[in-house]
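Engineer: Listed below are the residues making up each chain.
Number of protein chains: 2
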Amino acid sequence: MPKKETAIGIDIGGTNTIFGFTDREGNILAEECLKTAQYGTAEIFVSALYKKIQAAGEKIKEGVEIKGYGIGAPAGNINKGTIEHAAGLPWKGIVPFARIFHKYTNLPVIITNDANAAAVGEMVYGGAKGMKNFVVITLGTGLGSGFVVDGKLVYGHLGFAGEIGHTAIKPGLSGRVCGCGKKGCLETYVSATGLKRTLLKIMADSIEPSELRKLSFDKIDSKIICNAAKKGDPLATRAFKQTGQILGFKLADVVAHTNPEAIFLFGGLALAKDLILDPARESMEENLLGIYKGKVKLLESLLNTRNAAVLGASSLIWSNEKV
Amino acid sequence: MPKKETAIGIDIGGTNTIFGFTDREGNILAEECLKTAQYGTAEIFVSALYKKIQAAGEKIKEGVEIKGYGIGAPAGNINKGTIEHAAGLPWKGIVPFARIFHKYTNLPVIITNDANAAAVGEMVYGGAKGMKNFVVITLGTGLGSGFVVDGKLVYGHLGFAGEIGHTAIKPGLSGRVCGCGKKGCLETYVSATGLKRTLLKIMADSIEPSELRKLSFDKIDSKIICNAAKKGDPLATRAFKQTGQILGFKLADVVAHTNPEAIFLFGGLALAKDLILDPARESMEENLLGIYKGKVKLLESLLNTRNAAVLGASSLIWSNEKV
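Those protein sequence lines, which keep their order, are chains A and B.
Under my numbering, the letters of the first sequence match residues 1 to 323, in that order.
Under my numbering, the letters of the second sequence match residues 1 to 323, in that order.
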């Protein structure tokens, strides 16, 4: 019997790195995890990661044939195969990640940022199957985005396309301080952290009672705000509404630039579903030019599960084969 | 001797339609004009236009072989070959322009909006030769844009990509009323008309003397403001500065979405050169995420002459051959 063809999807995060063996249909045959920060250099990390992948592969009964390694990482640059100045990772500067990986294998090693990986995942396994023009917005601690135009990910001149999280919501370098050094970036409003900042503002401005007033800033997270909103907490509900409105406002720009068929929301905040989708949709429609009105779908990602990042990363290998 | 290969470039405007015979190097062998509004229906217009093109071709001594007809028109839709609800044109509704044209010829007839035609022109004949990722912004009465990603024009799902003129400069549906029915659209600030509106505001808010105070709103145009600014008129200078600043602010979004190598400004307002380019560049840089800073060129179009629209339209035929 021929061995099962699999692509390895690797999702590198600041705390955990998760990898999985994925088949062409998006089934994950095995998945394991290692602690990213435990390895002082990228060389030591890759050595441990590669060893762990091979060991995991041997445990899969039917036997697997690995077709390549797809990697989603913050600040991953597909053109150069590097991870460049990733704020959340232990390795500083420009890390030639694909080159290090190629010490161990001659198979394809494709690295890109996590939002781009999510977009390819949506195209290969998710709601964007068959779509040629769409955008995926990842809502986690920050806000990432991946643009697909004419069936291909947009990388742009330097490989850095799709950073709508750091577009400003108004002119004049005003608004909330962002980790990137600028002010008023979309991700300071629309992300798990942005939602919390908005909640705090609403809490300060209003006098309505709320269970959330008992919790410190550090204790509150988007899940807590989501649960409160579902129970009818007025502050939490308003925080979601404002977050969705600002998202919709900037999504109208995304539509005017690239006219996608659909925009998918992916990640923790998107799990709040209509709490964020409804106000975002309404605000996007309000801000759209007539020719686009009612013609762009705003949807939750079909991959919005815990395996999505691994699926997205592995899909880089399958989508690469077709080119 | 073989006949000279030419593409016909047709620039359809509300007042005039200009067409030209263009060779592969961007030389215009002949150029003529007809009055768009003189023809009550698109059928009558195309009949007259086609006849005039053939007559003009016969006058070219060396003889020409026409390879196709490229058309730039407001609201031109390349997917459907239509002109759809063009505000400035005499024919209402959805006009199946390419289909009408094909009654007379079996050669390729390619129609797109004027900003997209300008972008292809920049790629084929202008400053974007050899570039794979760039954006052209056309600054006329309104503001149009054409995005090129990976060597190809971005049309998007419905063929309407590249409408940054109708993205808003701040949230909340506030700001200047736009002809499109929305408020606060970029083109109400950044365009010949936008510049004039800004000048009027500055005139109202300040007490400085200016020659421009002698002129009515209807009399003032961007050329007059440009000449005044060059002579040091403080109001005109400030109007250009503010216009450039708002443009730069929104260009930072363009960069974050598609990471172009360069952005070209085309059209009347771009003839003001540094008056608009300098503040736009400064404001764009201020608003860019670190990874893009100093890496995106903001330039005047190399085609910024009177023939540019015809060149852009004709380039649709040459660029189509390569596909």
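Where hints are given, some of them may not hold.
Since the list gives no way to pick one copy over another, a pair counts as held whenever it fits inside one copy or between any two copies.
[Said to hold, decoys possible] Listed next, the in silico DSSO-like pairs over lysine-lysine satisfying Cα-Cα at most 27 Å (straight line):
| no. | residue 1 | residue 2 |
| --- | --- | --- |
| 1 | Lys170 | Lys293 |
| 2 | Lys52 | Lys132 |
| 3 | Lys183 | Lys223 |
| 4 | Lys103 | Lys80 |
| 5 | Lys35 | Lys51 |
In short, the hints are calculated from the structure, not lab data.
Engineer: Give the relationship of lysine 103 and lysine 80 under a CA distance limit of 27 Å: within one copy only, between copies only, both, or neither.
Structural biologist: within (16 Å within a copy, 51 Å between copies)
Engineer: Checking an output row: lysine 170 and lysine 293, CA cutoff 27 Å. Within, between, both or neither?
Structural biologist: Classified as both; 23 Å inside a copy, 19 Å across copies.
Engineer: My question is about lysine 183 and lysine 223: at a cut-off of 27 Å on alpha-carbon distance, are they close within one copy, between copies, both, or neither?
Structural biologist: Answer is within; shortest intra-copy Cα gap is 26 Å, inter-copy 35 Å.
Engineer: Using 27 Å as the alpha carbon limit, work out where lysine 35 and lysine 51 are close: within a copy, between copies, both or neither.
Structural biologist: within (14 Å within a copy, 74 Å between copies)
Engineer: Have a look at lysine 52 and lysine 132 and pick one of within, between, both or neither, based on CA distance no larger than 27 Å.
Structural biologist: Neither. Shortest intra-copy (36 Å) and inter-copy (40 Å) distances fail the 27 Å Cα cut-off.
Hint compliance for this structure: hint 2 is the single one not met.
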